[in-house]
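Q: So that you can map any letter, position 9 of the sequence shown is 9 in this note's numbering, and since no number is skipped, the others follow by simple counting.
Just so you know, the hints here were simulated from the structure itself, not pulled from any lab data. From the three backbone atoms N, C-alpha and C, an ideal C-beta is built for every residue, glycine too. Wrong hints could be hidden among the right ones.
Unchecked claim - DMTMM-like mimics (lysine to aspartate or glutamate), calculated; alpha carbons at most 25 Å apart, straight line:
(1) LYS79 with ASP105
(2) LYS37 with GLU82
(3) LYS37 with GLU9
(4) LYS37 with ASP15
Claimed, not checked - Pairwise CB distance ranges (calculated):
(5) PRO102 with GLY36: 21 to 29 Å
(6) PRO58 with SER111: 36 to 44 Å
(7) LYS37 with GLY103: 16 to 24 Å
(8) PRO102 with ASP34: 28 to 36 Å
(9) GLU8 with GLU115: 27 to 35 Å
(10) PRO58 with ARG98: 28 to 36 Å
(11) LEU5 with GLU59: 30 to 38 Å
(12) LYS37 with GLU115: 26 to 34 Å
(13) PRO109 with ASN12: 15 to 23 Å
(14) LEU97 with LEU5: 20 to 28 Å
(15) LYS10 with GLY36: 18 to 26 Å
(16) MET1 with GLY103: 35 to 43 Å
(17) GLN3 with SER104: 24 to 32 Å
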Amino acid sequence: MLQILRQEEKDNYIDLIRSLGIDPDTALISEAVDSGKVTGYAVYTLTPEEISVYCVEPEADLVLWDGIARSILFSAVLKGVETARFFGSANNNAKMLRFIEPGSDELRPISKIFEGCKDCKHAKE
């Protein structure tokens, strides 16, 4: 069973965190774990104002990418944070999945991505 879990131990990610220009003390890691095996992860920071998403892997598996991204965004919403910014490669997939508009790096409010598809709502009526 797939689970998205916060990873408090950052040692395996320190080089990546530093290459992204993030202070290791403020970087957060969440991992996708399936049957005890790490299948993906996210590197991000969280402040009371916003979540900044720097890296979500694997980039090529959009379904898993979407699940990991939604998990960390949901955790931000639970803390009252409604602004997300996507940087680097995370920005590309966020646009592809329509979390953000072309030319933007910001999703606000985050909770709008949990409202469901407008076309799906019309189909149910």
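Q: Against this structure, judge whether each hint is valid.
A: Consistency of the hints with the structure:
{"no.": "1", "hint": "LYS79 with ASP105", "in the structure": "holds, 21 Å"}
{"no.": "2", "hint": "LYS37 with GLU82", "in the structure": "violated, 31 Å"}
{"no.": "3", "hint": "LYS37 with GLU9", "in the structure": "holds, 16 Å"}
{"no.": "4", "hint": "LYS37 with ASP15", "in the structure": "holds, 21 Å"}
{"no.": "5", "hint": "PRO102 with GLY36: 21 to 29 Å", "in the structure": "violated, 39 Å"}
{"no.": "6", "hint": "PRO58 with SER111: 36 to 44 Å", "in the structure": "violated, 26 Å"}
{"no.": "7", "hint": "LYS37 with GLY103: 16 to 24 Å", "in the structure": "violated, 37 Å"}
{"no.": "8", "hint": "PRO102 with ASP34: 28 to 36 Å", "in the structure": "holds, 32 Å"}
{"no.": "9", "hint": "GLU8 with GLU115: 27 to 35 Å", "in the structure": "holds, 31 Å"}
{"no.": "10", "hint": "PRO58 with ARG98: 28 to 36 Å", "in the structure": "violated, 19 Å"}
{"no.": "11", "hint": "LEU5 with GLU59: 30 to 38 Å", "in the structure": "violated, 20 Å"}
{"no.": "12", "hint": "LYS37 with GLU115: 26 to 34 Å", "in the structure": "holds, 32 Å"}
{"no.": "13", "hint": "PRO109 with ASN12: 15 to 23 Å", "in the structure": "violated, 33 Å"}
{"no.": "14", "hint": "LEU97 with LEU5: 20 to 28 Å", "in the structure": "holds, 22 Å"}
{"no.": "15", "hint": "LYS10 with GLY36: 18 to 26 Å", "in the structure": "holds, 20 Å"}
{"no.": "16", "hint": "MET1 with GLY103: 35 to 43 Å", "in the structure": "holds, 38 Å"}
{"no.": "17", "hint": "GLN3 with SER104: 24 to 32 Å", "in the structure": "holds, 31 Å"}
Violated hints, listed in ascending order, are 2, 5, 6, 7, 10, 11 and 13; each of the other numbered hints is respected by the structure.
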